[in-house]
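Protein sequence lines correspond, in order, to chains A and B.
In terms of my numbering, the first sequence opens at residue 559 and continues consecutively.
In terms of my numbering, the second sequence opens at residue 8 and continues consecutively.
These are computed hints drawn from the structure, not numbers from a lab.
Just so we're clear, the structure is a prediction, and the values are computed from it rather than from any experiment.
Hints should not be assumed to be uniformly reliable.
[To be verified] Where chain A lies over chain B, by a calculated footprint (3+ residues, C-beta under 8 Å):
id	segment
1	55-62
2	156-163
3	200-212
4	224-234
5	432-439
[To be verified] Partial pick of chain B residues on the chain A-facing surface, computed with a CB cut under 7 Å:
id	residue
6	142
7	258
8	263
9	269
Ideal placement from N, C-alpha and C gives every residue a C-beta, glycine not left out.
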Amino acid sequence: MLRYTLRRILGAIPTLLVIATLAFVLLHAAPGGPFDSDKTVLPEIRASLEQAYHLDEPLYKQYWRYLSDLAHGDFGPSFQYHGTRVNELIAQGLPVDLALGGLALLVAMLVGLPLGAIAALRQGTRWDHISMGTAMVGISLPVYVLAPLLILVFAVTLRWLPAGDWGNGQPRYLVLPVLALAAPYVAYVARLTRGGLLEVLRSPFVRTARAKGLPMHVILLRHMLKPALLPLVSFLGPAAVGIITGSIVIETTFGLPGIGRYFVDGAFNRDYTLVMGVTILYGALIVAFNLLADLCYAWLDPRVRYP
Amino acid sequence: MRRYAALLCATLAVAGCGERKPPVAVPEYRVLDQPAVVQELRRHIDQFPRTLDPALSEDQSAQRVLDDLFEGLLRLDPQGGVVPAVARRWETSEDGKRWVFHLREDARWSDGAPVTAEDFVYAWRRTADPRTGSPNAQGFLPLVNATQVTAGKLASDQLGVRAVDALTLEVSLEESTAYFASLVTTPYFYPVQRNAVETGGEQWTRPGKLVSNGAFTLRDYRVGGSITLVKNEAYWDAQAVGITKVTYFPIGDRAAASSRFIAGGVDVTDSVAAEDVAWLRKRLGTQLVVAPFLGTMMFAMDVVKPPFDRKPLRLAMTMAIDRDILARYVLKDVYLPAYNLVPPLPGYTPVLPDWARLPRAERHAAAQKLYQEAGYSKQRPLRVELVYPTSSPDVRRMMEALAAMWRMNLGAEVQIYNEEWRVLQQNRRLGLHRFYWYSWLGDYPDPLTFVGLFRAGNGQNFGGYLNADYDRLVNEAEGMLDPQARARTFGRAEALLNEDAPFVPIYYYTSRHLLKPYVRGWQANALDRHLTRDLTLLAHATDGER
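With the hints as constraints, model all of the structure from the sequences given.
Take a look at the structure:
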């Protein structure tokens, strides 16, 4: 298991290298540069800026410089935020995204699991339709509709909660963004749980347990849950990354200082180092969470063995 | 004061007739004519400032914060007029080329050190030095030797500014520059403290390191998050500053900023999306403040290459647009229709072309005639591409309306397509476009910031417009000291521009803010600069806002 983990981590290095290379090539291939603006920038000043950021060097040199800095854990200086290093931008923004994403994932599980379980155990009844109907709404409602809607109802009309801002992470500032972020995931979790449980319900060991006269809640918690969660776990790996990184709309709408915005703004402003840094970070997160999901698999399903 | 009384009455009137509530709950305020106990202002900005270094900053959001942190020789009052600040008084030589500023002796940095002429000299040299990489360096071009200094051909200590003594600053200009007084109110003319810059290094603009001389100091700064400033007790005019704490919230989504305002999270928003103006006006009434802003949106043309090397065609294109219809029905009264380059300015009346006064049918007929004169007809229509930056659906709608006007009124086939902003900037600079979106926001309240654009050799004259008479008039006006003669000469230059039509003016910009009725001291001005030091909060009660 330890050897497997180590091997996977080492295997991630070439993957990340490919991501970094692709990002570098694509960014530099995009027309327009970081110092193209609507103001007249004097040629000497443009030259001095390009020299300061090594943009005057041939691309292979820039690439090599970037990689060697990266090997030392340095993402370089940001082009658009003068005097700020990409490391600092990420270090300040990532905790916001982790808090939001973690809480949203928690909400998704706490609401989605029971919803899915009810639907599976009461298959075909009114309960099933209600919970799956709710799930459908959650999946179909895009976040850029849901987030302003939540603000309109809870902040503007009812005035129960603030309409945005991070507020140093105070709970009442977190409620709306977490809800907006969690909604589609609640739906996915509920549907996957229902599907998994329905499959297990028909298996022989459940029939045996019921024949032995075990009460339903014991069968559910002790015997069914673990195998039923397998499809959910394989979904949660990438979903966790999606939920951490996918808050760009949430960040913009609620004015939160996460890193999702940097990704978009950075691309528009040709902030090469910032976009590269965020891309590599996202790549690393995907690798890490996929590994985590695979390890959970082994724990949940005794049939899975790692060579 | 009467303005506030009116505002107060309007608010009370709204509060009094609470029979029919709008579907979106809008807070109703009872504003009293006395200052609030807590003087903490919350302002929205459109983006997180890229830097708080006055030399390097170029975005408007940074300007807002810098206007509170620093103070220049002179500053703008709430109406946009120039008033003394760190300089107590100033005088100019006969020929207008030598300016002497006398600094007040009680001006202090936030660390208690006196603000001296040397601080200005250091800051200006630093910005003009190409090694600093300042996008604002060309703002110093009026100064003696600035061209060579910014090009790195002369050392920055050769720049035309020197400290005669600790409290006297002498500036030497290449030409007499009448607008120099308003120029020195811009952030890149602010002083910085050498010691703070040199010891702080890259991070000198962070809390604890930033030393400022304005009405506020930097308390809290979290990259990407809010920025908090507190009143600077060392500021020479501190007793005139009412606000004790101002927090800037960067919110990129302007619709979200409006929601935040209605929900009571901010007291002032920095902008309002054009598409939201109509409903906000209806819901919020006087809380929406729309005012003319020093900027013009136009389409520029490459006048060297075909098809726009033909003057009749250029004129036909600009005359064929029904700007009144566009402004009212497409732009929904958010912008003001423009027939010329320079927007209305204090002391300057825009010079409109003669055709602007023609009735619609006559104007169309004249445009048709010019179109044919240029060699085009129904059988042989003009086919040209017009490039605009990728933006909101409103912009797209306007572009479609314009293309339709050219088709209907001339028979011209104008293909519109959009390019991402940076791509458009680059292609424009490289001269790849013949007909493209061009907007210009004035740097200082003077016609020169606009008419200078079409002068030979100006870095913004991408279309290659060249008219020796025009250049001569602009140069002449630039050197004039008598404001009326100066305005007249600029007017004559503008008349030439109207005749040659190297561009198609569309509209003047407006500034748009949401402003709570309890914020006192706000006045619309052409440069849209609003220093927090001029604002105070009035005592008020609401229907339970959060």
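* Is the interface hint for residue 142/B satisfied, with its Cβ closer than 7 Å to some Cβ of chain A? -> Check passed: Cβ of residue 142/B comes within 5 Å of chain A, closer than 7 Å.
* How about the segment 432-439 of chain B: do at least three of its residues have a C-beta closer than 8 Å to a C-beta of chain A? -> Check passed, 4 qualifying residues.
* Asked: Has the segment 156-163 of chain B got at least three residues whose CB is nearer than 8 Å to a CB belonging to chain A?
  -> holds (count 3)
* Asked: Hey, does the residue 258/B contact hint survive, CB to chain A under 7 Å?
  -> Since chain A brings a Cβ to about 4 Å from residue 258/B, closer than 7 Å, the hint holds.
* With a cut-off of 8 Å between beta carbons, are at least three residues of the segment 224-234 of chain B near chain A? -> Coverage by chain A holds here, the residue count being 5 at a Cβ distance below 8 Å.
* Tell me if chain A covers the segment 200-212 of chain B under the three-residue, 8 Å CB rule, please? => Held - the segment 200-212 of chain B has 4 residues with a Cβ nearer than 8 Å to chain A, which meets the minimum of three.
* To do: Closer than 7 Å between Cβ atoms is the bar; does residue 263/B clear it against chain A? Give me holds or violated.
  => Constraint on residue 263/B satisfied, holds at 5 Å.
* Does the CB of residue 269/B sit less than 7 Å away from some CB of chain A? -> Given a least distance of 5 Å, the restraint on residue 269/B holds.
* Asked: Would you say the segment 55-62 of chain B counts as covered by chain A, given the rule of at least 3 residues with C-beta under 8 Å?
  -> holds (count 4)
When each numbered hint is compared with the structure, no violation occurs for any of them.
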